[in-house]
Amino acid sequence: MRRRWAAVSAVALGALALLPLATPREDILNFVFLVLLGITLAESWNIVAGYAGQVNLGHAAFFGLGALLTRRLWTTGTPIVAAMLAGAVLATGFAVVIGVAAFRLRGAYFAIGTLALGEILRTTVSNVLPEISTLPAASIAAYRLTDRYYAALVLAAVTVAAVAALASSRLGLGMRAIREDEEAAAASGVGALRLKLAALALSTGLAGLAGGLFAYYHISYYASHPFGPQWTFDALLMTYIGGVGTLHGPLLGAVLYVVLKEYLAVRWVDLHLLIFGALFVAIVLLLPGGLVQAAARVRRLLRRRR
Amino acid sequence: MAGRPVATPLLALHGVEAAHGDVRAVSDVSLSVAAGEMVALLGPNGAGKSTLLACAAGLLRPRAGTIRFDGEDIAGVSAHRIVDLGLALVPEGRRLFGGMTVDENLELGAFAPRARAGAAAALERVFALFPVLAERRRQPVGTLSGGQQQMVAVGRALMTNPRLLMLDEPSLGIAPRLVTAIFEAVVAINRAGVGILLVEQNVHAALSLAHRGYVLENGRIVGEGSGAGLLGDPHVRRAYLGPLAVRE
Amino acid sequence: MMILAQQLLLGVLIGGLYGLAAAGLSLVFGVMRVLDVAHGELIMLGGYGTFWLVTLLGVDPFLALGLVIPGALALGVALYWGLFAFVVRADEATRVKNSLLIGFGLALALHALAVRLWTADERSVPTPYGGAVFTVAGLSIPAVRLLSLVLAFALILSLQLLLTRWRWGKAIRATAEDWQAALLTGIDVRRAYLLAFALGTALAGAAGTLVTIGYAVSPSIGLEWTLKALIVVVLAGLGSMPGTFVGGLVLGVAEAASAAAFGGPYREVVGLVIFVVVLVVRPRGLFGR
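Residue numbers (our numbering), protein chains in the order written: chain A, 1 to 306; chain B, 1 to 248; chain C, 1 to 289.
These are computed hints drawn from the structure, not numbers from a lab. Be a bit skeptical, because a hint or two may be false.
As the list claims (entries may be wrong) - Under 7 Å between C-beta atoms, here's a sample of chain C residues computed to sit facing chain B:
no., residue
1, Gln160
2, Ala174
3, Glu177
4, Asp178
5, Gln180
6, Leu184
7, Gly186
8, Asp188
9, Val270
Said to hold, decoys possible - Chain C regions said to be covered by chain A (calculated; three or more residues, Cβ under 8 Å):
no., stretch
10, 101-110
11, 221-233
12, 258-269
13, 274-281
All C-beta atoms in this analysis are idealised placements derived from N, C-alpha and C, irrespective of residue type, glycine included.
Construct the complete structure from the given sequences, taking the supplied hints into account.
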C-alpha cells in the first residue's frame, strides 16, 4: 500500500515538474500554482487541527508574517530562498511565543483566541503599512512564472513529505494521543504542551514559507492582504472537505477547492462560497471524515460487492 | 418486617445491562419495587448503583434488559417523560440550580404536566416536611448548608408528584443531625403512599427502614431479602456492618 | 476635553448595540454550549430585512422591529431544527467544536447569499427624523442612535423578564445550569434549546435592525459583529444579561477611548486585545459564574 502511494506520488510529481516544459500557457501554470499553494496551506493547517486536535483560526497571521518579512528582505537584495526562510523563522518564532499562552485555552476558546490574534495582526499591519507593496520595475521585467511554479511545487512536496514523516514518527503518534484524549495522554507522561508547540511550530513554519511564496509570486498587493482571515478559512475548508487528520485529505480538498472555484469564478463568483459553505456544513454533520472517508466507504462497498 | 409476596411491581428491572462508555457497569440486574414499598439498594462504591438509577430515570440507555414502570417499557424513554409518568430521581450530589432561590428550585419541580395542578399543595407538603426551608424560601440555594440543600433536592423531586421516588445517597456529606431529619422525611413520604428506591451507604439505617433490600456488587445482584433479613445476613454484616466496613 | 467626552458618548451609544448583539450569543452558548459564529451573519440578515421593509414597503425603520423580531424568531426555529438540533446530540466538547465549524459554514453561505442578493455595497436606511440631534451640556446626541440605545436596553430588560418570570424562561436558565438536573425535573431540554436558540436569533435580528438604522449594513458586518459579540461575551462572562449589556457599554467606551488616544484605526484592535487578555487571564469574565 505504502509503495503504491509512493509510486503514484513520484509519477504525479514528475508530471507536475514537466508541466512547464509541456505547455507555455500561463493560465494553466497559474492555476496549478494556486492548487499547490492551497495544498501547502491546507496541509500545514492540518498539522495543528488533525494531529494536535486544536482548531487554529489564526493561521493567516503566520502566512502574513512570512510574506511580510520575505517581501521586505527580497526587495532589498536578499536572495529569495534566504528571505523565505527568514520569513518562516519569524512566523515560527512568533507562534512559539504566543503558543505558550494560547495553549492554555481549550477547544472553542483556543479557536476564537487565535482568530482574535490574527485579526489584531491584520488590523495593525493595515494601519502601519497601508500602502500597496509593488515590486521594483527591474524585478517585474525579470519576472518568470516558471520560477514561482517550481518554488510552489517544491514547497508543496516538502510540506506533504513533512506531514507524512510526522504521521509515522514518534512525535506524530504522541500528538495523536493528545488529540484523542488529553487527560489520558498527560497521565501517561506525554509532554502535552511541548508536543502541541512542536505541532504549532511546524505548522506555522510551513505557513510562513507559503507566505514567502506569496510574496515571491505577486507583483503587487496590500501588505495586510495575506493576513486576512480568508486564507485561514480557505485552509479550513480544504482540510475538512478533504478529511481532517489524514494525509491525503487536505490535498484532495485543495484540488477540489481550487478547481471548483476557478470553474465557478467566471460566472458565479459569489456562489462558490455559498456552495462551499453548504458543502462544509453537510460534511461536518454527515461525513466528518470528508472525501477521504467517502472514498474509504466507496472502496468498502465495492469490496463487499465482490 | 417480613417480606411479602409482591403483586405487580410498580418498577421492575429485568436483566438490565448498562455501561459507562466502554466499561460495563451493570450486568443482568433484576429488581422490583411495589407500589408503596420502600426498597434499599446497597453495595460498595463503584458497584453500579448510580448507573442503575440513571437507567431507570432515563439518563442512560441500558444495553440490554427491560425496565418497566407500571407495566410500561421505559428503557430509552427521555428522562423528562419518565418524570411525567411518576418516576423521579434525587440524584447524587444534590444537583440543584445554584443561581436560583429555594422557591424557584422547588417551583421548577412542578414543571411536568402531572405536577402542575397540585403544585401549591405540594409546596405546602414540602414545607411541612422540612420546616427549615420555609424560613429560607427566598435565599439562593448556594447559601444553604449541605443538609438543607439535600432537603431542597428531595423537595424538588417531591414536587414532581411521583408515585415512586429514587434517592441516590441522600446522606452523603451531610451532618448526622440533618441525616435523621431526611430519613424521617423519606419514611413519611413512603407512608403517604410513594414507593421508595433508596441507594444508601448508611446500610444500617437503610435496612432498618426498608421493607426489602438488594445487594449489588461488581454490577451484579448478590443478595436479596427483607430489611430485617438482610440485617441479619452474615455476608452483609461482615461486609457492610462489621468493624472493618467502610463507615460514613 | 469636549472632543473626548463626545467620543465617549458615541462609544456608549454603540456599546448598547454591542451588548444586544452579545446577549443573543451568550444565551445560546450558555444554554446549549453552541458557539454560533454565524451570529454576526444573523445580525446582518436582520439589517437587510429591515432595509427591505423600509425601502420596499415603506415601513418606519423602528417599527420594522415589530416585524423583524418575529421573522428572526421563525428563522431561529428553522435553523435549530435544520442544523443545530443535530449538533446538540453530541457531548459538550464535540458540540462546541461542531457548532464552531457549522457556524462557520453557515456564515460563509449567508455571507455569499447576501452579496448575491444585495451586492457588497453598504446600505443604510433613511429616517425622516434622521438628522435630529439633541444638544445636552455642549454634547450632541444623534436622536436616532439614542433611540436605538434605549430600545436595545428595553429589549435586554424584556429578555431578563422573560428569563425570570416566564415558566419556560426559568426552564431555560435551569437547563443552562445543569441540563441533566433539568431533565430530572421534568423539563424537556430539547424544547429549552429550541426556545433559547430562537430567542438568540431574534435578538440578533433586532440588533441588526438597530445597527442598520443608526449606522449601515453590508455583507461584511457579519464577521465584524460576531467578533464584537464574542469580545463582549468573554468580557462579561456567561449567565447575566444585564452584565452582558454593561460589557457592551464597556467595549464601546474602551474603543472610543483608544480611538481618542491612539487614533481611529486602532479602535478595532483594543477590543481584540481586551478579548485575548481576558480569555487568558480571567476566562469567566467580569460577571460570569
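For each hint, the structure was consulted:
Interface restraint check: Gln160 of chain C against chain B, minimum CB-CB distance 13 Å, threshold 7 Å, status violated. Among the interface hints, the one on Ala174 of chain C holds; its C-beta lies about 5 Å from the nearest C-beta in chain B, closer than the 7 Å criterion. Using the Cβ-Cβ criterion of 7 Å, the hint placing Glu177 of chain C at the interface with chain B is satisfied: the shortest such distance is roughly 5 Å. With its C-beta approaching chain B no nearer than about 6 Å, Asp178 of chain C sits inside the 7 Å limit, and its interface hint holds.
Interface restraint check for Gln180 of chain C: the shortest CB-CB distance to chain B comes to about 6 Å, inside 7 Å, so the restraint holds. Interface hint status for Leu184 of chain C: upheld, as the beta-carbon distance to the closest one in chain B is roughly 5 Å, under 7 Å. For Gly186 of chain C, the interface hint holds, since its Cβ comes within 7 Å of a Cβ in chain B; the closest pair sits about 3 Å apart. Hint on Asp188 of chain C holds. Least Cβ distance to chain B is approximately 5 Å, under the 7 Å limit.
The beta carbon of Val270 of chain C is not positioned within 7 Å of any beta carbon in chain B (closest approach about 31 Å), and the interface hint is therefore violated. As drawn, the stretch 101-110 of chain C meets chain A at 9 residues by the rule of a beta-carbon pair under 8 Å; at three or more, the given contact holds. Counting residues of the stretch 221-233 of chain C whose beta carbon lies closer than 8 Å to any beta carbon of chain A gives 4, which reaches the threshold of three, so the coverage claim holds. Judged by the Cβ-Cβ criterion of 8 Å, the stretch 258-269 of chain C is covered by chain A as claimed, because 4 of its residues qualify and three suffice.
For a cut-off of 8 Å, the count of residues in the stretch 274-281 of chain C with a CB near a CB of chain A stands at 4, and the three-residue condition holds.
The structure is inconsistent with the numbered hints 1, 9, although it conforms to all the rest.
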